[in-house]
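*Asks:* Below are the chains, spelled out letter by letter.
2 protein chains.
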Amino acid sequence: MMFKQITIIGFGLIGSSIARAVKKNDLAKKIICGDVSQEVCNTVSSLGLADVAITDLAVSVKGSDLVILCVPVGKMGGVAEKIANDLKENAIVSDVGSVKKEVIAQLQPVLPNTVHLVPGHPIAGTEFSGPEHGFAELFEGRWCILTPQEHTELKAVEKMTLFWEACGSNIEIMESGHHDLVLGITSHLPHLIAYTIVGTANDLEDDIKSEVIKFSASGFRDFTRIAASNPTMWRDVFLNNKEAVLEVLQRFSEDLSGLQKAIRKGDGDYLYQHFSDTRAIRRAIVDAGQAEPEEIKVLNKKS
Amino acid sequence: MMFKQITIIGFGLIGSSIARAVKKNDLAKKIICGDVSQEVCNTVSSLGLADVAITDLAVSVKGSDLVILCVPVGKMGGVAEKIANDLKENAIVSDVGSVKKEVIAQLQPVLPNTVHLVPGHPIAGTEFSGPEHGFAELFEGRWCILTPQEHTELKAVEKMTLFWEACGSNIEIMESGHHDLVLGITSHLPHLIAYTIVGTANDLEDDIKSEVIKFSASGFRDFTRIAASNPTMWRDVFLNNKEAVLEVLQRFSEDLSGLQKAIRKGDGDYLYQHFSDTRAIRRAIVDAGQAEPEEIKVLNKKS
Numbered sequence: 001m002m003f004k005q006i007t008i009i010g011f012g013l014i015g016s017s018i019a020r021a022v023k024k025n026d027l028a029k030k031i032i033c034g035d036v037s038q039e040v041c042n043t044v045s046s047l048g049l050a051d052v053a054i055t056d057l058a059v060s061v062k063g064s065d066l067v068i069l070c071v072p073v074g075k076m077g078g079v080a081e082k083i084a085n086d087l088k089e090n091a092i093v094s095d096v097g098s099v100k101k102e103v104i105a106q107l108q109p110v111l112p113n114t115v116h117l118v119p120g121h122p123i124a125g126t127e128f129s130g131p132e133h134g135f136a137e138l139f140e141g142r143w144c145i146l147t148p149q150e151h152t153e154l155k156a157v158e159k160m161t162l163f164w165e166a167c168g169s170n171i172e173i174m175e176s177g178h179h180d181l182v183l184g185i186t187s188h189l190p191h192l193i194a195y196t197i198v199g200t201a202n203d204l205e206d207d208i209k210s211e212v213i214k215f216s217a218s219g220f221r222d223f224t225r226i227a228a229s230n231p232t233m234w235r236d237v238f239l240n241n242k243e244a245v246l247e248v249l250q251r252f253s254e255d256l257s258g259l260q261k262a263i264r265k266g267d268g269d270y271l272y273q274h275f276s277d278t279r280a281i282r283r284a285i286v287d288a289g290q291a292e293p294e295e296i297k298v299l300n301k302k303s
Numbered sequence: 001m002m003f004k005q006i007t008i009i010g011f012g013l014i015g016s017s018i019a020r021a022v023k024k025n026d027l028a029k030k031i032i033c034g035d036v037s038q039e040v041c042n043t044v045s046s047l048g049l050a051d052v053a054i055t056d057l058a059v060s061v062k063g064s065d066l067v068i069l070c071v072p073v074g075k076m077g078g079v080a081e082k083i084a085n086d087l088k089e090n091a092i093v094s095d096v097g098s099v100k101k102e103v104i105a106q107l108q109p110v111l112p113n114t115v116h117l118v119p120g121h122p123i124a125g126t127e128f129s130g131p132e133h134g135f136a137e138l139f140e141g142r143w144c145i146l147t148p149q150e151h152t153e154l155k156a157v158e159k160m161t162l163f164w165e166a167c168g169s170n171i172e173i174m175e176s177g178h179h180d181l182v183l184g185i186t187s188h189l190p191h192l193i194a195y196t197i198v199g200t201a202n203d204l205e206d207d208i209k210s211e212v213i214k215f216s217a218s219g220f221r222d223f224t225r226i227a228a229s230n231p232t233m234w235r236d237v238f239l240n241n242k243e244a245v246l247e248v249l250q251r252f253s254e255d256l257s258g259l260q261k262a263i264r265k266g267d268g269d270y271l272y273q274h275f276s277d278t279r280a281i282r283r284a285i286v287d288a289g290q291a292e293p294e295e296i297k298v299l300n301k302k303s
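Sequences listed follow chains U and V, in order.
The first sequence begins at 1 in the numbering used here and counts up by one.
The second sequence begins at 1 in the numbering used here and counts up by one.
A few of these clues could be false.
Lysine-lysine pairs mimicking DSS-like chemistry, simulated, CA-CA at most 25 Å apart [to be verified]:
(1) V/K214 - U/K101
(2) U/K214 - V/K23
(3) V/K159 - V/K23
(4) V/K242 - U/K261
(5) V/K101 - V/K23
Covered by chain V, according to a simulated footprint, are these stretches of chain U (three or more residues, beta-carbon under 8 Å) [to be verified]:
(6) 2 to 11
(7) 45 to 53
(8) 263 to 274
Bear in mind the hints are in silico, worked out from the structure with no lab data behind them.
Computed from a predicted model, the values in this text were never measured in an experiment.
For glycine and all other residues, C-beta sits at the position ideal for the given N, C-alpha and C.
Using the sequences and the hints, build the whole thing.
*Replies:* Here you go:
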């Protein structure tokens, strides 16, 4: 047993998937669910996802060796305040937030010095929200980034490394600001763009909108899956990683203007060159084992 | 047998897939491949995809009841000029271009009055190019849009409808300008955006770029597949559907500015509202049978 007792606060898709992975891989004797929603606690109980499910967060952390905060980034500080006085000495506190610098800024001043903060970000998810949609295998083969601070005790970092490895993840250690920039490009900007384009389609006249839905397989569909992600989670990501997102968005906008100008001017060479360069990145991703080359073919055959 | 002899000009992913579908479904006695590349003709011969493979396009159309142009949109007019004098009387000429208004403008003045032009657009494809990547099932369950003109003989339209239905497609008849607007939104804009964002990442410093590849599964990856599409084909799409693309791009840019401003000002309500609205479109697409709700979960489990 890696931990005697684990508390997971916030039992949505990620929190409930962690609980399932903990159970499947025998990582704790006891799992406590802390969630301010009575409805979520009821679902957790009826699905048997935790030994105890309780809305009082302070009570939920008592006696736990590991507490993982799985709430939207904007809620982290508030939760930390609620639980700070009841954390066990030497407990590890971790989180799964998609933004790390701001989460650390929220948590560090509130948490007592007697606990070890090891911020984390499992890069995994689906377009679905809620405890009923989690599954134990969500983290298998996926990256989990840990962003400890300079003063963080190495032993605590090692323990969280082993924990996520046991859930099937590959671990990367990163500085929190660097994490926010990398994820700003690979995740936050793509989500913002997908939300925008789907929103643009949503504003169309009704008759065209029904055709957009009908012919969505021609490219648009891929954006809608991303744009169906949890709105609260993503609102908080953008509010709390403002600087990095606005920076990469600026670069994106400049590049888009360049292509727009090339289309307007009929500059085929510019377009061709740009469209050829981007193929190389796809190849690199396939080579890195991060995508299956036959993915789309399979999807086509299914649909 | 639906046709005695079919000529397919341009034996890339789409052309070779049509040939395979024709063979699989017994739609013609004889298949002729016309492709200006000797290398492509050699591949077609060695794969046994056509009865004859020839670089002389004029010769390739002789005696064929159906000629399908599967070349990039920018090449349609040039091909039509080459074959115009050798087309059989009453032959049907069709194409697979992603833009319809401009293709009709290129073809109609060049083709003789004795043939029937039935422009078409099968909405199907993969990120791969070339005759070796085609497969007979590419069109199964996918839409094929036909954009006949007012004077087009109904019998020819019916024949092309039956042809694509035999390949497994669902048929939609549309006015060419309307097609270009709908596809501008559902396909051309998404591709332009995907090309842009992948290009933005491509311009990053090398150390960050390697991390973008490593952590691409967090959203970016979906864009790279789209941005790995055939550069020549897409260059021609944007050059030949300029008006519709610039129009929808304008709307997109305005919407992106709105979200950018909301992030800068920290307007959480605006972001939340926008991110909630976009979920409805995904649901409509799933309800319309155009996407599988469990798609991403399956991909996650695989990867």
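*Asks:* Hint by hint, say whether it matches the structure.
*Replies:* Consistency of the hints with the structure:
1. Annotation: proposed proximity of V/K214 to U/K101 holds, straight-line Cα distance about 21 Å (limit 25 Å).
2. At most 25 Å may separate the alpha-carbon atoms for a hinted pair to count; U/K214 and V/K23 exceed this at roughly 29 Å.
3. Straight-line distance between C-alpha atoms of V/K159 and V/K23 comes to about 17 Å, which keeps the hinted pair within the 25 Å bound.
4. Distance check on the hinted pair: V/K242 and U/K261 sit about 11 Å apart at the alpha-carbon level, within 25 Å; holds.
5. Of the supplied pair hints, the one linking V/K101 and V/K23 is violated, its CA atoms being roughly 30 Å apart against a limit of 25 Å.
6. Residues of the region 2 to 11 of chain U with a Cβ under 8 Å from some Cβ of chain V number 0, which does not satisfy the need for three, so the listed coverage is violated.
7. Counting residues of the region 45 to 53 of chain U whose C-beta sits closer than 8 Å to any C-beta of chain V gives 0, which falls short of three, so the coverage hint is violated.
8. Counting residues of the region 263 to 274 of chain U whose beta carbon lies closer than 8 Å to any beta carbon of chain V gives 7, which meets the minimum of three for the stated coverage.
Of the numbered hints stated above, those contradicted by the structure are hints 2, 5, 6 and 7, listed in ascending order.
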